[in-house]
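K.L.:
Here the sequence shown is numbered in our numbering, starting from 786 and rising by one per residue.
Treat each hint with caution, since some may be false.
[Stated by the list, open to error] Pairwise CB distance ranges, derived in the manner of DEER restraints:
1) D974 x G1033: 16 to 26 Å
2) T858 x S970: 19 to 29 Å
3) D901 x G847: 40 to 50 Å
4) W903 x R846: 39 to 49 Å
[Claimed, not checked] Using 20 Å as the maximum straight-line C-alpha spacing, the simulated SDA-like pairs for lysine to any residue come out as follows:
5) K820 x D856
6) K905 x K844
7) K820 x S1034
8) K912 x S862
Note that these hints are calculated values from the structure, not bench results. Backbone N, C-alpha and C define an ideal beta-carbon position, used for all residues, glycine too.
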Amino acid sequence: MTLEKKRIGRVEGKVAVVTGANGGLGSAIAMALGKEGAKIALGVRRGRDIAEKVVEEIKNRGGKAFVSNLDVTDLTSINEFVAESASFLGPTDVLVNAAGRIDPADTVRFQDIKLDDWDKIFEIDVKGTMMMCQAIVPQMRVLERGSIINFSGSYGNGVNQDNMVNSVCIPFCAAKGAVRAFTASLARDLAPTIRVNAISPGPIEANWEADWGISKEHMDEALSMTLLGRLGKPEEIAETALYLASDGSGYMTGQNLLVDAGWTLTG
786 MTLEKKRIGR
796 VEGKVAVVTG
806 ANGGLGSAIA
816 MALGKEGAKI
826 ALGVRRGRDI
836 AEKVVEEIKN
846 RGGKAFVSNL
856 DVTDLTSINE
866 FVAESASFLG
876 PTDVLVNAAG
886 RIDPADTVRF
896 QDIKLDDWDK
906 IFEIDVKGTM
916 MMCQAIVPQM
926 RVLERGSIIN
936 FSGSYGNGVN
946 QDNMVNSVCI
956 PFCAAKGAVR
966 AFTASLARDL
976 APTIRVNAIS
986 PGPIEANWEA
996 DWGISKEHMD
1006 EALSMTLLGR
1016 LGKPEEIAET
1026 ALYLASDGSG
1036 YMTGQNLLVD
1046 AGWTLTG
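Sequences are here, hints too, so could you generate the full structure?
P.N.:
Put into C-alpha cells, the structure is as follows:
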C-alpha cells in the first residue's frame, strides 16, 4: 500500500512580521517564509513594488500576506502596523528585523564621519530594531513562544583602509556591533520562551556602487578575500532566516550566524 505524504512547510501556520520588506533581503525572506506556509506582514518605508509582488506570489500559492507602510523610527507607525498585522493575521510568532539604512555616508573613514549620519544609522538599525521588538514581544508572551531574527553584519579583514566594504567602515560596523550585543542580551532577557538570534551576511548581490558608493574594484578586492569568491544571493540569506524562524533551530538562541562565504573566520 502506498502512503501519500502531505508536504508540511517548516513554518506552516506561523505569523511572521518582516520589516524592510521592499529591499532585496527583506523581500526574499518574506517570500521564503510565505512559501513554507507562514502568514506574512510585510512592512515597507519607501516603495511597495517588490513587496506587492511577493504578496501576490504568496496569495497565488494559497497563502496569506499583506503589505503596509512602516517606519521603524516612528513609534506611532510601528504601533499602527503591529495592530494591523495582529488584526489581519493574528499574534506574531516570528519577527524579522530586516530594515536598515543604506547610504554612502555610512561607508567613510573615521575623520569623515558626520554626527547626523551617525545618529541616523543608529536610529534605524539599532533603535528601530529595539522598538520593533518592544512592540511585538507582548504578542509572543501571550503565545508563550516566538523567534526574533535581527540583522547584524560581518566585517571584512582587508588591509586596504580606503576599501570600505572590506576594511573599516566604522559607522556601519559600530551600529551592527550594537545589534549583536542587543541580540545576545535580549536573548537572555526573553528566555526561555522567546528565542533571539542574528544573521551577519557577507557581501550580497546588490547595486553596491549606486547604494553604497563602493566601486567594482573594491568589491572585487573584497570578494577575493572570501573563501567562496562570489557575492551571496538574497535567497541564501532567506534560507538562514527560515531556519531561525522554524522549529529546526528550536535549541538555538543568542547566536550571531555568519553567512559570509568565510569572509570572517574564527578559531
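K.L.:
None of the hints should be skipped; say for each whether it holds.
P.N.:
Results for each hint:
1. D974 x G1033: 16 to 26 Å: Given range 16 to 26 Å: holds, Cβ gap about 24 Å.
2. T858 x S970: 19 to 29 Å: 21 Å, holds
3. D901 x G847: 40 to 50 Å: 46 Å, holds
4. W903 x R846: 39 to 49 Å: Since the Cβ atoms of W903 and R846 sit about 42 Å apart, the hinted range of 39 to 49 Å holds.
5. K820 x D856: 26 Å, violated
6. K905 x K844: 35 Å, violated
7. K820 x S1034: It holds: about 18 Å lies between the C-alpha atoms, which stays within 20 Å.
8. K912 x S862: Holds, at about 14 Å.
Of the numbered hints listed earlier, those contradicted by the structure are 5 and 6.
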